[in-house]
Amino acid sequence: MLRKLCYGFLVLILVTLTVSSIIYLAPVDPTRLTFGQRSDNATVKAKKAELGLDQPLQVQLAMYLNDVSPISLYGDYPACQEKYDYLKIIGLGGNCLVLKMPYLRESYQSGRRVTKILGDAIPKTALLALVSIIFASILGIFLGVLASLKQNSWVDNLTSILSIVGYSLPSYVAAILFALLFGYFLGDFTGLNIQGSVFELDDFGNEIIVWKNLILPALALGLRPVAIITLLTRATMLDVLTQDFIRTAKAKGISNNIIIFKHALRNALNPVITAISGWFASLLTGAFFIESVFSYKGLGEVTVNALINFDIPVVLGSVLFTALIFILVNILSDVLYAWFDPRVKVG
Amino acid sequence: MKQKLLEIRDLRINFASDEGEVQAVKGISFDLFRGETLGIVGESGSGKSVTSLSIMRLIPTPPGKIESGSITYYTTDNQPINLLELSEKELQKIRGNDIAMIFQEPMTSLNPVMRCGHQVDEALMLHKKWNRAEAKKETLSLFEKVRLPNPERMYNAYPHELSGGQKQRIMIAMAMSCKPDILIADEPTTALDVTVQKTILELMSDLKTEIDASVLFITHDLGVIAEIADRVLVMYKGEIVEQGTVAEIFKNPQHPYTKGLLACRPPLDFRMKKLPVVADFMEVIKTENEIQIIEKQYSIHDVIDKYKITNEDTQARLDKLFLQEPLLKVENLKTYFPIKTNWFGKTSEYVKAVDDVSFDVFKGETLGLVGESGCGKTTLSRTLLQLTKTTSGHIFYENTDLTTLSNAQMRPLRKDISIIFQDPYSSLNPRMTIGNAIIEPMQVHSLYENNKIRKERVIHLLETVGMEAKHYDRYPHEFSGGQRQRIVIARTLSLDPKFVICDECVSALDVSVQAQVLNLLMELREKLDLTYIFISHDLSVVKLMSDRMMVMNKGKIEEIGIADDIYNNPQTEYTQRLIAAIPK
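As they're listed, the protein sequences go chains A and B.
Numbering-wise (my numbering), the first sequence opens with residue 1 and increments by one.
Numbering-wise (my numbering), the second sequence opens with residue 1 and increments by one.
The set of hints was computed from the structure by calculation and includes no laboratory data.
Any given hint could turn out to be false.
[To be verified] Simulated crosslink set (SDA-like; lysine to any residue; CA at most 25 Å straight-line):
1. B:K136 with A:N256
2. B:K179 with A:S255
3. B:K93 with B:L58
4. B:K65 with A:Q151
5. A:K150 with B:R153
6. A:K262 with B:R153
7. A:K150 with A:P170
8. B:K65 with A:T242
9. B:K65 with B:T76
10. B:K179 with A:D244
11. B:K89 with A:V240
12. B:K340 with A:N256
13. B:K89 with A:S255
14. B:K329 with B:K352
15. B:K136 with A:S255
[What the hints assert, rightly or not] Here are some, though not all, of the chain A residues that point toward chain B, as calculated from beta-carbon distances under 10 Å:
16. Q243
17. N267
18. P342
Just so it is clear, CB atoms sit at the ideal spot from N, CA and C, and this is done for glycine as well.
Using the sequences and the hints given, assemble the complete structure.
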């Protein structure tokens, strides 16, 4: 377990270094983006120095890592303390070793702190991801079990065909179709909006929660996971149902329903968990297309905008968060494995 | 008159297959009385397992189908119930409660993700309508009865944490839990070591008396039947060919197939140059839709006398063998496996699978290696082949130390030293024709000039092991277990090895098939001048095959010596236990 955490930490550092190297090496000048075309050389130079962009690459990388790390080295003076909001551990000459929250710098575009920008976007995306993965897991496992029990019947064939169609459909096509069908043509009937976020401002500028705006994006986002989970559950259930211990359970006189849910399903779930956790991780880190189509202001939309505008700190922050989520979800799914299958040991 | 518990009349079961309907059970009738143990004996495919499953209506449908007949169960107050007419709901009340079953494979018959105790509780809670606490109390006392060590720990253990024998005890506890009238045991000891088999059989007959159940005991081994059953049914190709009390069947077998089954067990008091097989007693002629059996007029005695070897011949053979130089010399061999590593990746605890073992094998000799599962015999064979790296010690093959060779240097020697594995079902690639499977090693070692010559050689090999040229293009699933083991042997022989390790190569086979494969191995030994290390957990088989015998326990050699000497005069308690476990 401890070793896994260490590996995860190493991955995080490598991801940061790789992505930031690529971005810093790209032939774009962020200072120009900040000031626009009509800026004089002196201002640009000053800004560059402030952002550290005039330094060589390795120095820039070291500085970024120092900013991100919770334990880091900074100047020991009030302005610096205010900027990073750190807790001094030990003084080292003019500098000091400090404890702080990771500092992801400020957006070139808006000047807001990246942590704040991500902090606003993440709950929206997390809510969307959670709802759609729960929807996908329940529906997918249910359909998969159903199909496996009625193997080769019309139910099974229909489920399999729909799953393959659902999986092949690109998410933005599904999103547009859903928006068009339920939000526009049937809009009067369903009362759903074509676009919109869960957290909206009402006419008086107060923040309100519009739950129904979650429905269509969650459905569109959950479509491909449903398909995969259905197919996987079906395949593993078919395999498990032919095993000897199922026959033992029957010989005990246990009814079919209990055999399916208590004996077979738990044995069939392991590969399904892998699929669910993988999908959950990628949903958490933002569904770029879906969020754009429904103009749902989550992490996906923030990242896409930052990329278009070369807002390097935001892009880096978003990538870092993505890597972190994948590592955490992987560890979580290992723990879940061991819980579902005692033959697997954690660590 | 004893009370009748089960009455089977004219039962016919068919299986749908690619070649149309196959008749698995062809109209059999028999009764089971209260308190008796009825053995059903027959080889794989004789329909014995299908019959037992049909009583519980557990045949997978499709492809299986009960065509006609009746299976009547008489309840305690003598009410007849035709099990074939019951609904699924009604059956569930009888399964596990009145009729319970123990299966062949304890390894796969328990749910791997459920605690062992809960799997037994489940039946009790279902049929007796008990709550969990009551069920747990009963389960713990059942675990005590089936002599599981530390019942409380076993209750909370998962199946993978237990040994094969312990799992089978759990299965027995489960089957006995609701005190059924009828207990069906389908080859309950076949997957287990002989020593474990003995204790399980004793346990079953004790418990049977205690709960006053009748047992239907299915096996391919007449030796086991003699230990446990009162009456026997002999099944052959879906029909009952003979039935009677155990004493009748053993003293005076009528059907040639029964004679074959009785004669094909390896003898213990004398040596044989080959074992009798069913074909010594009868000839089977297959026509379009009829199987005809022609009986040969030999008694068991005639056949055994024909194959017997005198003590003088045995002595002469041994004298000749020991005059030669050893082909293989093993010195202080150790193979350890790490089980725990500390933070720096350094191993802190080992399993000593092979622990300081030294022995020689002479040219042309068969050295038998016997011991229970986990004693280190398979690790030893893998180490000899350098498939597992040695921890320390030396292996000299014709004066070359194998432990010092690199993989590349070892490769040419792999042609000379070969192995036959235990499981003929998993050691052949299902997507490769058997011809290709046998030709592949020749291609790897660039033996013979071209594929045409190689193919001729493969066909010759197939014929040597008793198969036919037309089998060349067929796939493994088209063959029975015995045939597959022949194919594996042909593949081993394709490289003209001098030294062959047979690792439990007959333990997955029926006794009647085992006799055929053992005969083949003995025949090849003479014909091709082979040297064997023959590994098995069954001392009777090892004794038949080997000149000298080596008993292994916990990675160490318990004793080594002339096979007959060890059998007649075992020195250690462990060897005595192995000998006592052989069904007589």
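Quick rundown of the hints versus the structure:
{"no.": "1", "hint": "B:K136 with A:N256", "verdict": "holds (24 Å)"}
{"no.": "2", "hint": "B:K179 with A:S255", "verdict": "holds (20 Å)"}
{"no.": "3", "hint": "B:K93 with B:L58", "verdict": "holds (14 Å)"}
{"no.": "4", "hint": "B:K65 with A:Q151", "verdict": "holds (19 Å)"}
{"no.": "5", "hint": "A:K150 with B:R153", "verdict": "violated (40 Å)"}
{"no.": "6", "hint": "A:K262 with B:R153", "verdict": "holds (23 Å)"}
{"no.": "7", "hint": "A:K150 with A:P170", "verdict": "violated (29 Å)"}
{"no.": "8", "hint": "B:K65 with A:T242", "verdict": "holds (17 Å)"}
{"no.": "9", "hint": "B:K65 with B:T76", "verdict": "violated (29 Å)"}
{"no.": "10", "hint": "B:K179 with A:D244", "verdict": "holds (23 Å)"}
{"no.": "11", "hint": "B:K89 with A:V240", "verdict": "holds (23 Å)"}
{"no.": "12", "hint": "B:K340 with A:N256", "verdict": "violated (43 Å)"}
{"no.": "13", "hint": "B:K89 with A:S255", "verdict": "holds (8 Å)"}
{"no.": "14", "hint": "B:K329 with B:K352", "verdict": "holds (21 Å)"}
{"no.": "15", "hint": "B:K136 with A:S255", "verdict": "holds (21 Å)"}
{"no.": "16", "hint": "Q243", "verdict": "holds (6 Å)"}
{"no.": "17", "hint": "N267", "verdict": "holds (6 Å)"}
{"no.": "18", "hint": "P342", "verdict": "holds (4 Å)"}
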